[in-house]
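Student: Listed below are the residues making up each chain.
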Amino acid sequence: MAIRVQAATFDPGAEVNALHAANLGVGAVVSFVGYVRDFNEGRDVAGMFLEHYPGMTEKALAKIMVEAEQRWPLLKLEVLHRVGALEPGEPIVFVGVASAHRQAAFDACAFVMDYLKTRAPFWKKEQTADGPHWVEGRASDEVAADRWK
Amino acid sequence: MKLNVVFFARYREALGLDGESVDGEFASIEQLRAHLAQRGGAWQVLAESNLMCARNEELCKLDEPLVDGDEVAFFPPVTGG
Chain A
1 MAIRVQAATF
11 DPGAEVNALH
21 AANLGVGAVV
31 SFVGYVRDFN
41 EGRDVAGMFL
51 EHYPGMTEKA
61 LAKIMVEAEQ
71 RWPLLKLEVL
81 HRVGALEPGE
91 PIVFVGVASA
101 HRQAAFDACA
111 FVMDYLKTRA
121 PFWKKEQTAD
131 GPHWVEGRAS
141 DEVAADRWK
Chain B
1 MKLNVVFFAR
11 YREALGLDGE
21 SVDGEFASIE
31 QLRAHLAQRG
41 GAWQVLAESN
51 LMCARNEELC
61 KLDEPLVDGD
71 EVAFFPPVTG
81 G
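Line order of the protein sequences matches chains A and B.
Under this note's numbering, the residue at position 35 of the first sequence is numbered 35, and the numbers go up by one with no gaps.
Under this note's numbering, the residue at position 47 of the second sequence is numbered 47, and the numbers go up by one with no gaps.
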C-alpha cells in the first residue's frame, strides 16, 4: 500500500506499469486518473489550487485503503494525490489497484475513489474569469459512496 | 480544557484565520461549534448544515466528545479527487 501526496506532477502510464512489475501473480490492474478540466459548471477554468489538511490527509487515505484491502483480495494499492497549483490538463489523482482477478480490482478502485471524494480532506479552488471560487461538494458523490455500505 | 481549533478552505478564508487556541469547557464538538458560531459575523459559516469536522485528524460527528489538548478541525464538504 503506497500513499503519495505531492505538488509535483506524475506520469500515469509509469504508475500503471509499476503496479504489475516484478509480480507474476498480478492478473489484473485497474487504475483511475482524474484530470483538471478547463470548464466546470458553466465557467471556463484557467487553473486550480488544491488545499489539504497535512497530517490528516495521509491518515484519511490510509484508512480508506486499509478498508479496501480488508474487503477485496488485493496485491497492490496505490493512491497519489496532487496539492497546490494545477493547470487544465494536468493529472490530479491516481488510484491504482492490482489483484489476481479483475472484479476485485474494478470494485476496489471505484470504492477508493468514492470514499476519497467524500472523506479525504482536499478542497479545490478554481480560477475563473469571475475570480477564484471554491468548488462545492456534490450530493451525487455522497450517493456514490453510500452504495458501498 | 484547551483546544487547538483549525479551519480549512472556504472557512479559513472567511475567518481570515488558520486556527486558534480555545479555552473553555465543551462536552462535544457541537458545543464548541455553537460557541464559535455565536461570535457572529464571519463565524456564522460554522453554523452551515453541511459542515464537516475532525478530532485529532480523524473525521467524526458533531456529538464527538472532547478532552483537553484535542485538535478540532472545521471545514466545508471535501472536494478532492
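Calculated from the structure, these hints are not laboratory results.
Each hint should be verified, as a subset may be incorrect.
[Claimed, not checked] Which stretches of chain B does chain A cover? Using the computed rule of at least three CB atoms under 8 angstroms from a CB of chain A, they are:
(1) 4-10
(2) 53-59
(3) 66-80
No residue lacks a Cβ here, since even glycine has one placed at the ideal position from N, Cα and C.
Student: The structure should be examined with respect to each hint, and the outcome stated for every one.
Tutor: Status of each hint after checking the structure:
1. For the segment 4-10 of chain B, the stated coverage by chain A is satisfied: 4 residues place a CB nearer than 8 angstroms to a CB of that chain, which reaches the threshold of 3.
2. Interface restraint, the segment 53-59 of chain B with chain A: holds (4 residues with C-beta to C-beta distance below 8 angstroms; minimum three).
3. With 7 residues having a beta carbon nearer than 8 angstroms to a beta carbon of chain A, the segment 66-80 of chain B meets the requirement of three or more and the stated coverage holds.
Checked against the numbered hints above, the structure violates none of them.
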